[in-house]
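Here is what each chain is made of, one letter per residue.
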Amino acid sequence: MTKAGDVRHGRARAMVEELAGLDAESPIGNELLSLAREGRLELEHLRRLVAVELQCHVAELSSYGLIMSRFPHSPTAGFYIEVARLVYDAHPKLRECGAALGIPEERFYRWPQGPATQAFAGYISWLALHGTQADNALCLHTDLSTYFPDCRVLVEHLRGSDLKVPEEFLDYYGGGESEEMLRSALGVVDHGVGHGDDPAVAVARARLLHEHIGLFWRAAAGTD
Amino acid sequence: MTRDDLRRVLRLEAWAAQAELTAYPLARLRHPDDVFLDLGDMAMGARTRQAAMARAVGLSEEQLLQAPWSTAAFAYPSMMCWVALHHNRAEIGMTIYADLNRYQLGSLEVAERLRAAEPGVPQEFVEYFEAGIPTELCGRALAFAQKGLDAGDDPGRALNTGRIMEECVEQYWRAAVPDPSNWATDTNGDERRAGR
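Chains as they are written, first to last, in the working numbering: chain G, 1 to 224; chain X, 1001 to 1196.
Careful: at least some of the hints might be erroneous.
What the hints assert, rightly or not - Here are some, though not all, of the chain G residues that point toward chain X, as calculated from beta-carbon distances under 7 Å:
hint	residue
1	G29
2	P112
3	Q113
4	P115
5	Q118
6	Y123
7	S125
8	W126
9	L129
10	V165
11	A204
12	E211
Said to hold, decoys possible - With the C-beta cut set under 10 Å, the calculated list includes, among others, these residues of chain X facing chain G:
hint	residue
13	Q1018
14	A1019
15	V1057
16	Q1146
17	L1149
18	G1152
19	G1156
20	E1167
No lab work stands behind these hints: they were computed from the structure.
The beta carbon of each residue, even a glycine, is placed where N, CA and C say it ideally should be.
Work out the full structure, taking the sequences as your base and the hints as a guide.
So, in structure tokens, the structure goes:
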């Protein structure tokens, strides 16, 4: 995740390591990947994944905008402009995945419903309203560095399976996180901690974000 | 009923009221209506009473606002913020109705148990849960939802959102029950995930 020899953002990196330690002690599973490993993954699960993520995008765009309005300065605003752009550009592609998988347009943003589907959207809304710069950026770093690798594992699995998965889906979920964006996130974490944000609280909130990503995958798996 | 049980539920209450104090004004900013002023009064009143309850069980104001770090404990405050930030009037109205209605049922039950557990329980706790929420607010939340429906908000979506809030309130009460996987220590005011 980080370039060897890169000594910048030492404090933020220590916080990322602390999170990795928590995850090693008590791993947060991915129930969609569990289904894949058990050979029980069906196209319906992929439809659920796309549909859950469409709902999350809406929350992400307004949460990132809200964070920019709370912290309209460098480096925080610049970072969220980048992240919001990533989500904004991804959204129409995700809608294409949904269409290619045969989700009827009228179900977009309405299905599936339930606490697990709403959990991630809710937590990032709460964070955008209440969290510090360090909280939010460490959460985003956790999001990027846990979501994308799992997506790649999913795509690898699907390419080796008999499921007829649309190319749009494989392209969308086969993409990856940007190293530059991960570094920018750490820069914002350091900036926040340097301005008084509590690093222990940020780690606890990022750990909780990771648990909410677990709920995101659970909503996709339909096991909630 | 131990002192730690009381501290745990009080912290959840304080945490919920804090989120409400953000969410209600935000909802009012997006959809101006006086119901949010009265909801805000309710949340402020709760915060004031919580301060007295905290003193009765030896929690400082700072300890009172230390978050319980579990997805169950965050289900309610998160949903409240998400709905206030994104949803339409019918959805917000139904969500608040579902919250008040469900919470009231649980609150009265908690009050009953606390009364049965006396004298170990400070009177402030019994009175707090007995008081519950001002009953007319349920009707006003529904009236607010109706304004949205009259203006074309989707009733199916509003019903769904309210249903999810009911489940969040269930999770809220579940979070008040000690769970070794969620609560590392209750004694020193430093509740963190196990392992921290």
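Hint check:
{"no.": "1", "hint": "G29", "verdict": "violated (13 Å)"}
{"no.": "2", "hint": "P112", "verdict": "violated (10 Å)"}
{"no.": "3", "hint": "Q113", "verdict": "holds (5 Å)"}
{"no.": "4", "hint": "P115", "verdict": "holds (5 Å)"}
{"no.": "5", "hint": "Q118", "verdict": "holds (6 Å)"}
{"no.": "6", "hint": "Y123", "verdict": "holds (5 Å)"}
{"no.": "7", "hint": "S125", "verdict": "holds (4 Å)"}
{"no.": "8", "hint": "W126", "verdict": "holds (4 Å)"}
{"no.": "9", "hint": "L129", "verdict": "holds (5 Å)"}
{"no.": "10", "hint": "V165", "verdict": "violated (29 Å)"}
{"no.": "11", "hint": "A204", "verdict": "holds (5 Å)"}
{"no.": "12", "hint": "E211", "verdict": "holds (5 Å)"}
{"no.": "13", "hint": "Q1018", "verdict": "holds (8 Å)"}
{"no.": "14", "hint": "A1019", "verdict": "holds (7 Å)"}
{"no.": "15", "hint": "V1057", "verdict": "violated (23 Å)"}
{"no.": "16", "hint": "Q1146", "verdict": "violated (21 Å)"}
{"no.": "17", "hint": "L1149", "verdict": "violated (17 Å)"}
{"no.": "18", "hint": "G1152", "verdict": "violated (16 Å)"}
{"no.": "19", "hint": "G1156", "verdict": "holds (8 Å)"}
{"no.": "20", "hint": "E1167", "verdict": "holds (5 Å)"}
In this structure, the hints that do not hold are numbers 1, 2, 10, 15, 16, 17 and 18, in rising order.
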